[in-house]
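Enquirer: Spelled out, the chains give:
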Amino acid sequence: MEKNDKDPDDHHDDHNDKSSSGEEEKKGDVVSDANPPDDAHHDQDGISKDNIDEKTDHGDNVDKVDSPSGQEAPEVHQTLESLSEELDQLLSSLSLHQEEQHKDITKEKQEEAEEDDDYFQIPQFVGKFLDLFEDKLSKHDSGDQPKTTTTTWYQDPEEVSSLLDAMDHVSNLMKLLLSTKSCLDDHEPLINHAGSIQQRAMAFLEEEFRVLLEESVIKEPPAVVAVTDDQVQDHHNDDTQDHDQMVAPESRDEEIEYPGYSEEMVTLLKKVAEKMKGGGYLCECREVYLVARRNILMRTLKQDCEFEKVSVDEVLKMSWDTLEREIPIWNKTFKNCSSLFFPGELKLAEKIFPGGDEDEGSLFCIVTHGLAIQFLGFYEAVAMTKRSTEKLFKILDIYETLRDSFPDMEKLFPEELRSELRNEVTSARSRLGETAINIFLDLENSIKSDSSKTPVPGGAVHPLTRYTMNYLKYACEYKDTLEQVFKSHSTMEREEVEEEKKEDNSAFANQLMRIMDLLDGNMEAKSKLYKDIPLSSIFMMNNGRYIVQKIKGSAEIHEVMGDTWCRRRSSELRNYHKNYQRETWGKLLGFLGHEGLMHNGKIVKPNLKERFKSFNATFDEIHKTQTTWVVNDEQLQSELRVSITAVMIPAYRAFMARFGQYLDPGRQTEKYVKYQPEDIEDLIDELFEGNTSSSSAATAKRRT
Amino acid sequence: MLLSFRRDQVDSNAASHNNNMEAELDSFQRQVAEKFTDLNASSSGDDLLSLEWIGKLLDSFLCCQEEFRAIVFNHRSQISASSSPTNRLVSDYFERSIKALDVCNAIRDGVEQIRQWQKLSDIVISALDSRRANVGEGQLRRAKKALVDLAIGMLDEKDSTRLAHRNRSFGRAKDGHNRSMGQHLRSLSWSVSRSWSASKQLQALASNLTTPRQNDVGLAVPVYTMTSVLLFVMWVLVAAIPCQDRGLQVSFFVPRQFRWAAPVMSLHDKIVEESKRRDRKNCCGLLKEIGRIEKSSRVMNELIDSIHFPMSEEKESEVKQRVEELVEVHEALKNGLDPFERKVREVFHRIVRSRTESLDSLC
Chain P
1 MEKNDKDPDD HHDDHNDKSS SGEEEKKGDV VSDANPPDDA HHDQDGISKD
51 NIDEKTDHGD NVDKVDSPSG QEAPEVHQTL ESLSEELDQL LSSLSLHQEE
101 QHKDITKEKQ EEAEEDDDYF QIPQFVGKFL DLFEDKLSKH DSGDQPKTTT
151 TTWYQDPEEV SSLLDAMDHV SNLMKLLLST KSCLDDHEPL INHAGSIQQR
201 AMAFLEEEFR VLLEESVIKE PPAVVAVTDD QVQDHHNDDT QDHDQMVAPE
251 SRDEEIEYPG YSEEMVTLLK KVAEKMKGGG YLCECREVYL VARRNILMRT
301 LKQDCEFEKV SVDEVLKMSW DTLEREIPIW NKTFKNCSSL FFPGELKLAE
351 KIFPGGDEDE GSLFCIVTHG LAIQFLGFYE AVAMTKRSTE KLFKILDIYE
401 TLRDSFPDME KLFPEELRSE LRNEVTSARS RLGETAINIF LDLENSIKSD
451 SSKTPVPGGA VHPLTRYTMN YLKYACEYKD TLEQVFKSHS TMEREEVEEE
501 KKEDNSAFAN QLMRIMDLLD GNMEAKSKLY KDIPLSSIFM MNNGRYIVQK
551 IKGSAEIHEV MGDTWCRRRS SELRNYHKNY QRETWGKLLG FLGHEGLMHN
601 GKIVKPNLKE RFKSFNATFD EIHKTQTTWV VNDEQLQSEL RVSITAVMIP
651 AYRAFMARFG QYLDPGRQTE KYVKYQPEDI EDLIDELFEG NTSSSSAATA
701 KRRT
Chain U
1 MLLSFRRDQV DSNAASHNNN MEAELDSFQR QVAEKFTDLN ASSSGDDLLS
51 LEWIGKLLDS FLCCQEEFRA IVFNHRSQIS ASSSPTNRLV SDYFERSIKA
101 LDVCNAIRDG VEQIRQWQKL SDIVISALDS RRANVGEGQL RRAKKALVDL
151 AIGMLDEKDS TRLAHRNRSF GRAKDGHNRS MGQHLRSLSW SVSRSWSASK
201 QLQALASNLT TPRQNDVGLA VPVYTMTSVL LFVMWVLVAA IPCQDRGLQV
251 SFFVPRQFRW AAPVMSLHDK IVEESKRRDR KNCCGLLKEI GRIEKSSRVM
301 NELIDSIHFP MSEEKESEVK QRVEELVEVH EALKNGLDPF ERKVREVFHR
351 IVRSRTESLD SLC
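Protein chains in written order, with full-length UniProt numbering: chain P, 1 to 704; chain U, 1 to 363.
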């Protein structure tokens, strides 16, 4: 009992000595004015009560304190600081006192302990401290009053620490007062008063916390992943310079990543959060935090990624043109959320609220989870739009985005949410994968059902071949993804079909083969539309060559189709070539044979004349038609000409050498020998030019 | 394998097929009727529109949707082969069902909003918790601040701006710094665009819904049934949970001849009645828990305004009692919101999946 009685007083005396010695010169008045601690108790209550009764007049009180000449202000300041120290002493002695109490409680009966407790008295300076603190609050916390200075409290480090320290003291004081039974009984007005001031302080902090969160981003967060051009970087540098004066020199070169608070600011925010937690106002602090962060995040996405919310219905009603522009925005936003924004949010939440608060759920999750779900909803909606082949590539872009960027995102979430999100992503990916596969089925069907009956003039490459091959070539830029998609998302029925193939090919390769086969079949059917058999061969060659060239021209699709397939295809092409050669030039060669020209060792001149006439006529006819035929592929064109020349020229030369002599030189020769071998060669070189007016062109050329 | 086997079976049994189908469709009608009779039976007093009850409603929807999907699957050859009207009917349902997805999203945002209110009530509770020694003026003011935010948050969107303004101009002039969080909370919606309107969405869901004659053969009746169930469930969600541009002016009427009509219409009428009650007329959602939180926070608000210090014992015990009420609602929300939100999400996924699978099986 005696000890308890003595303890606080001892301390207090100590303290008084200390403070008076420290402040002697400056403000002996204040110290001497203070009532001796022992007498304080009664008066103290009175003061507190007055305070409470007059609480509506606080504004006036503030004026009274603030209005007198500037000289008094520093004194007031000093006093708050020194009183803080005194309070420290008091609090530590009090908690000591309490600890002892607790020990006592375990040993003795509780009643006795409570009696012990009764002994505790609160020195008068506590009330003074509260008054001064309230004055300080009023100074900062007067939204209605015009600001007297341009700097706010948080720009002045001294003010920050003085204010936050004072908050700590109030919170600690409150804790102790509330947990000390005797205080509750004897000092209710004081506790009430302190509680009010604490509430006011906390409301002040709450608002400041919100403002700091929202307004202290010192620069735009560095532009997002996808954009790396110099302009942005320049802009970025400018920004840094702009803020040089405001930011401490050390942090000038520091990369301040999203969310873009300086280290100092994060520290301050953390301190504010600590103070609010210390005062039992964590709930408020968390609420302000998460609402502010959500708004900021959403704003950032809008600014940096041009991200706008879209509802499912809108996605389904959008034209593909619009949606096609929308998808990259969502992909970019998703990627940036995964690599920059979400990690930034997590870091910030962990820095400001270290240790988290398991009961209430992680702030990071509350800030970001809904957004993550929103991305997936959009992607599902895209997968639900009417399927069309042109959508494949954007669908695959989304698929890749989810595949590549989600793992980093899911890591940020705690287990339960992570698996929930993962399920959603898995289901979105299946839907997208199935859509991609179905697009290939649609392509199959469109090839199957393409039954246009108009042959392409000149046997040129059919538009369907062009479309299909260009589509597949582009698709194969997503080869790895498509392999994966076909492997993971083919439905059962489909897989059984694959099985039948019994080849080592991947499901995607089989799909491509199937499309090639269908295309082939379709082209074969279309080749029958040409009445001219050699022309259908040229048509098949043209298409076949186009296909092979496309495949060889792109490493990805070549890899899928494989060398074997290409070789087989090339040899098929050679067959068409042979067919063509036989059909067209075999007949012409027939005129150059020896049979029927000799009879009993003598030349049969009329037959010879007939031969030359037929040859000329036939060749002219061939030239006339086949110069209108089209072979776009230069190599194929020259291969064809070379092979024709190789067959025709030696045979013609030999024929001329053997039989040319039998025609009378002059008129007869001129009449029947229309072409010299060189002329034939030249004319062959005019074939497959696709000239619509070829005959005249050929003649003109020959004359020159 | 399984799929092709079933298809064969359906074809080979074509003769008895019609009878089977009739029985199947009949059983569907019966099941829907049973579900809603149950829901109607458990809608007395405080149960109607409670989180738990709406959860049950969503479960019923999921069951009906599953049944319906099975019917579509079993008769897919008939649907896709037969005259296109049936095909169009079924596709129409699934296209319509997509419109429910945005409602689900908006409802999730609404749940998030309720969560904010729950947290504000949490602040009130911890400020006034009498287990924590006596309640001082500071704590009263703290509670008051949260209550004002709560009141603003719970107003229907249109009124909130006005009130926030009014409150700032006199109600809280004393704590001039206390900028309200009410409007702050508004912007929590992630999911639907700014122009989205729940009321328009419901209208779109309900548009061109034609009632078949009861003796219409084929799938006309089950499609109508399922569409009505979908529409009703979405209507209830919008009625109960705060969401963007809430409005219940969708004309919803099911003719008596359907077996499930009576319980559904009875529920419908009860809810309409509820929405017309004076105290719920301008509320942001008919959810029971919202009503309770709204009421106890209002009472609490009035109580706080009437307190003078030092607090009389009478007031003290009244505060204690009110806190207990608030704790009760708070707990109900705390335990009920998460499962409810998951269920809404489940409805979203099921709608997507049923649509994809059914449309795939039809082509």
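There could be a bad hint or two in this list.
Reference listing, derived: stretches of chain P covered by chain U, where coverage requires no fewer than 3 residues with Cβ under 8 Å from a Cβ of chain U [as the list claims (entries may be wrong)]: (1) 199 to 205; (2) 315 to 325; (3) 367 to 377.
Taking CB as the label site, the calculated pair distances span [claimed, not checked]: (4) U:312 - P:415: 44 to 52 Å; (5) U:34 - P:416: 31 to 39 Å; (6) P:441 - U:55: 35 to 43 Å; (7) U:34 - P:317: 31 to 39 Å; (8) U:210 - P:564: 56 to 64 Å; (9) U:316 - P:85: 32 to 40 Å; (10) U:42 - P:448: 52 to 60 Å.
To be clear, the hints were calculated from the coordinates, so they are not data collected in a lab. Each residue gets a CB set at the ideal place from its N, CA and C atoms; glycine is no exception.
Enquirer: All the hints need checking, so say for each whether the structure fits it.
Expert: Against the structure, the hints:
Here the stretch 199 to 205 of chain P counts 5 residues with a CB under 8 Å from a CB of chain U, which clears the bar of 3, and the coverage holds. Check result for the stretch 315 to 325 of chain P against chain U: violated, 1 residues qualifying (beta carbon to beta carbon below 8 Å, three or more required). Given as covered by chain U, the stretch 367 to 377 of chain P passes the check, having 5 residues with a CB less than 8 Å from a CB of that chain where 3 are the minimum. In this structure the hint that residue 312 of chain U and residue 415 of chain P lie 44 to 52 Å apart at CB holds, the actual value being about 50 Å.
A beta carbon spacing of about 35 Å between residue 34 of chain U and residue 416 of chain P agrees with the range 31 to 39 Å that was offered as a hint. At roughly 40 Å, the beta-carbon separation of residue 441 of chain P and residue 55 of chain U lies within the given 35 to 43 Å, and the hint holds. Checked against the hint of 31 to 39 Å, the pair residue 34 of chain U and residue 317 of chain P passes, with Cβ atoms roughly 37 Å apart. Evaluation of the 56 to 64 Å hint for residue 210 of chain U and residue 564 of chain P yields a pass: the beta carbon distance comes to about 59 Å.
Checking the proposed 32 to 40 Å range against residue 316 of chain U and residue 85 of chain P shows it holds: the Cβ atoms sit about 37 Å from each other. Distance hint check for residue 42 of chain U and residue 448 of chain P: the Cβ-Cβ separation is about 55 Å, which falls inside the suggested range of 52 to 60 Å.
Hint check: a violation occurs at hint 2 only; the rest are consistent with the structure.
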